[in-house]
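Chemist: Each chain, letter by letter, is given below.
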Amino acid sequence: MRYAAPTSMKEATGLMAKAKGKAFVLAGGTDLLVRLKGGFVEPDLVVDIKRIPAVTKITKAGGGFRIGAAVPCAELGENAALKKAWPGVVEAANLIGSDQIQGRCTIVGNLCNASPAADSVPAMVAAGAKAAIAGPRGRRTVAVEDVVSGPGKTTLKKGEIVEAISLPKPKPKTGDAYLRFIPRTEMDIAVVSAGVCLTLGAKGVVKSARVALGAVGPTVIVANAAAAAIIGTTLDEAALEKLAAAARAACKPIDDKRGTVEFRIEVAGVLAKRAAKIAYQRAGGK
Amino acid sequence: MAGVHVATTINGDAVEYVCHPRETLLDVLRNRLGLTGAKEGCGTGDCGACSVTIDGRLVCSCLVLGAEADGRAVGTVEGLASGNALHPLQDKFLEHAALQCGICTPGFLVAAKALLDRNADPSEEEIRYALAGNLCRCTGYDKIVRAVAAAAKEVRTKKAKG
Chain B
0 MRYAAPTSMK EATGLMAKAK GKAFVLAGGT DLLVRLKGGF VEPDLVVDIK
50 RIPAVTKITK AGGGFRIGAA VPCAELGENA ALKKAWPGVV EAANLIGSDQ
100 IQGRCTIVGN LCNASPAADS VPAMVAAGAK AAIAGPRGRR TVAVEDVVSG
150 PGKTTLKKGE IVEAISLPKP KPKTGDAYLR FIPRTEMDIA VVSAGVCLTL
200 GAKGVVKSAR VALGAVGPTV IVANAAAAAI IGTTLDEAAL EKLAAAARAA
250 CKPIDDKRGT VEFRIEVAGV LAKRAAKIAY QRAGGK
Chain H
0 MAGVHVATTI NGDAVEYVCH PRETLLDVLR NRLGLTGAKE GCGTGDCGAC
50 SVTIDGRLVC SCLVLGAEAD GRAVGTVEGL ASGNALHPLQ DKFLEHAALQ
100 CGICTPGFLV AAKALLDRNA DPSEEEIRYA LAGNLCRCTG YDKIVRAVAA
150 AAKEVRTKKA KG
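Going line by line, the protein sequences match chains B and H.
The first sequence maps to residues 0 to 285 in numbering that gives the first Met the number 0.
The second sequence maps to residues 0 to 161 in numbering that gives the first Met the number 0.
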């Protein structure tokens with residue numbers, strides 16, 4: 000295995016593109032090193048991107064935020080402006096692992112590891128986050144939900160690296176929230192999760208909404224019907240019930256040691272409702 | 000296999016080493032530098048026995064490559080005491096008998112130090128959350144939490160006295 004620590008994204012994508020054999024990007028390493036040591040991957044090349052100045056920072060861009068691929072999740076929680084604008088995304092990112100893991104893990108790593116249970120992903124998708132991708136043939140930007148194609152699989156082409164996540168400037172009266180179910184209070188992997196982002200119009204009526212569900216399908220599920228169920232409502236009980244029903248209908252979970260199909264479907268509806276209520280309050284609704 | 004040359008700072012001292020590209024910082028510390036305070040428990044970032052700081056941030060050294068430490072400042076449990084004077088955390092761990100077998104202790108000390116560096120007066124809940132990444136299989140958590148709270152108080156008192 001060769002270790003490279005380039006200082007520019009151009010150099011990094013060049014190394015990844017030209018690599019013979021298996022090449023992996025190293026940011027926080029909290030997934031990659033576990034897989035490496037467990038013998039699940041045998042990299043020929045590891046490209047450490049933490050020496051590239053542009054990806055180690057959170058920058059404000061057009062009222063929104065650009066979170067570099069090497070920014071540890073702990074830093075998201077320490078950024079007051081980001082926390083105020085996108086509390087759901089920051090809470091989701093800060094749920095990943097212990098303080099030790101928080102000091103290293105990144106939301107881009109969480110995305111590109113492509114686990115269906117990734118905590119930060121439903122929150123990012125609900126918030127309408129975009130992934131900035133650098134590659135040997137230039138740059139492109141895609142919606143976060145289009146980066147992952149299945150468990151452990153991404154749509155990235157050879158040589159491509161996700162260099163940042165962009166969060167838009169929240170529209171006035173917007174709130175977001177993320178909730179997950181785990182059988183304990185901390186340090187666990189989501190059995191089911193839900194991210195909700197909504198914007199209010201006049202009189203507390205939901206003008207637009209996005210609902211994303213985690214760990215109930217091979218990739219994050221964008222539950223458009225669930226969002227539609229609350230648009231035009233003041234999030235009354237009837238609307239919440241419709242939201243829950245639509246969220247349950249969108250689920251395609253598997254049975255595993257963490258939860259059954261039936262349990263996951265049921266809890267997806269509960270979490271979508273609860274997350275929507277929090278998002279509604281954060282948006283200024285009563 | 001070509002080695003990676005690394006120039007870093009450990010507990011304030013300039014250190015240079017050559018390591019294998021896939022060697023972890025934990026293995027470098029223990030096997031190359033003789034700093035055996037950090038322990039390998041799980042090797043997968045779950046137990047916190049290998050906790051160190053890099054540029055002030057708490058991490059599991061088992062999930063860091065030795066090569067990554069180049070140009071960084073690494074802090075280990077060996078850097079807690081000043082000469083023969085133990086850090087208040089170490090004093091209080093002894094006083095409260097906050098250890099049984101001791102394997103997890105260096106990790107708890109480093110994690111607790113990281114907590115006190117950013118929060119001089121943590122609540123019990125804050126202490127428990129901050130130490131959630133450190134496992135003690137003798138289950139001495141209660142004494143550990145009490146020791147950290149006592150050390151925090153001691154540090155605050157010392158600071159107040161100047």
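Read the hints as simulated data drawn from the structure, not as lab findings.
Quick caveat: nothing in here was measured; it's all calculated off a predicted structure.
Treat each hint with caution, since some may be false.
[Said to hold, decoys possible] For the chain H half of the interface with chain B, some residues (derived, Cβ under 8 Å), not all of them:
id	residue
1	Arg21
2	Gly40
3	Gly42
4	Thr43
5	Gly44
6	Ser50
7	Leu57
8	Val58
9	Cys59
10	Leu62
11	Val63
12	Leu64
13	Glu67
14	Gly132
15	Gly139
[To be verified] Sample of chain H residues facing chain B (criterion: CB under 10 Å; computed from the structure):
id	residue
16	Gly11
17	Thr23
18	Asp45
19	Cys61
20	Cys100
21	Gly106
22	Tyr128
23	Ala129
24	Ala131
C-beta: ideal position from N, C-alpha, C; glycine also.
Chemist: Now, for every hint given, state plainly whether the structure supports it.
Modeler: Here's how the hints hold up against the structure:
| no. | hint | verdict |
| --- | --- | --- |
| 1 | Arg21 | holds, 5 Å |
| 2 | Gly40 | violated, 12 Å |
| 3 | Gly42 | holds, 6 Å |
| 4 | Thr43 | holds, 5 Å |
| 5 | Gly44 | holds, 6 Å |
| 6 | Ser50 | holds, 6 Å |
| 7 | Leu57 | holds, 5 Å |
| 8 | Val58 | holds, 5 Å |
| 9 | Cys59 | holds, 5 Å |
| 10 | Leu62 | holds, 5 Å |
| 11 | Val63 | holds, 7 Å |
| 12 | Leu64 | holds, 7 Å |
| 13 | Glu67 | holds, 6 Å |
| 14 | Gly132 | holds, 2 Å |
| 15 | Gly139 | violated, 18 Å |
| 16 | Gly11 | violated, 20 Å |
| 17 | Thr23 | holds, 7 Å |
| 18 | Asp45 | holds, 8 Å |
| 19 | Cys61 | holds, 8 Å |
| 20 | Cys100 | violated, 20 Å |
| 21 | Gly106 | holds, 9 Å |
| 22 | Tyr128 | holds, 7 Å |
| 23 | Ala129 | holds, 6 Å |
| 24 | Ala131 | holds, 5 Å |
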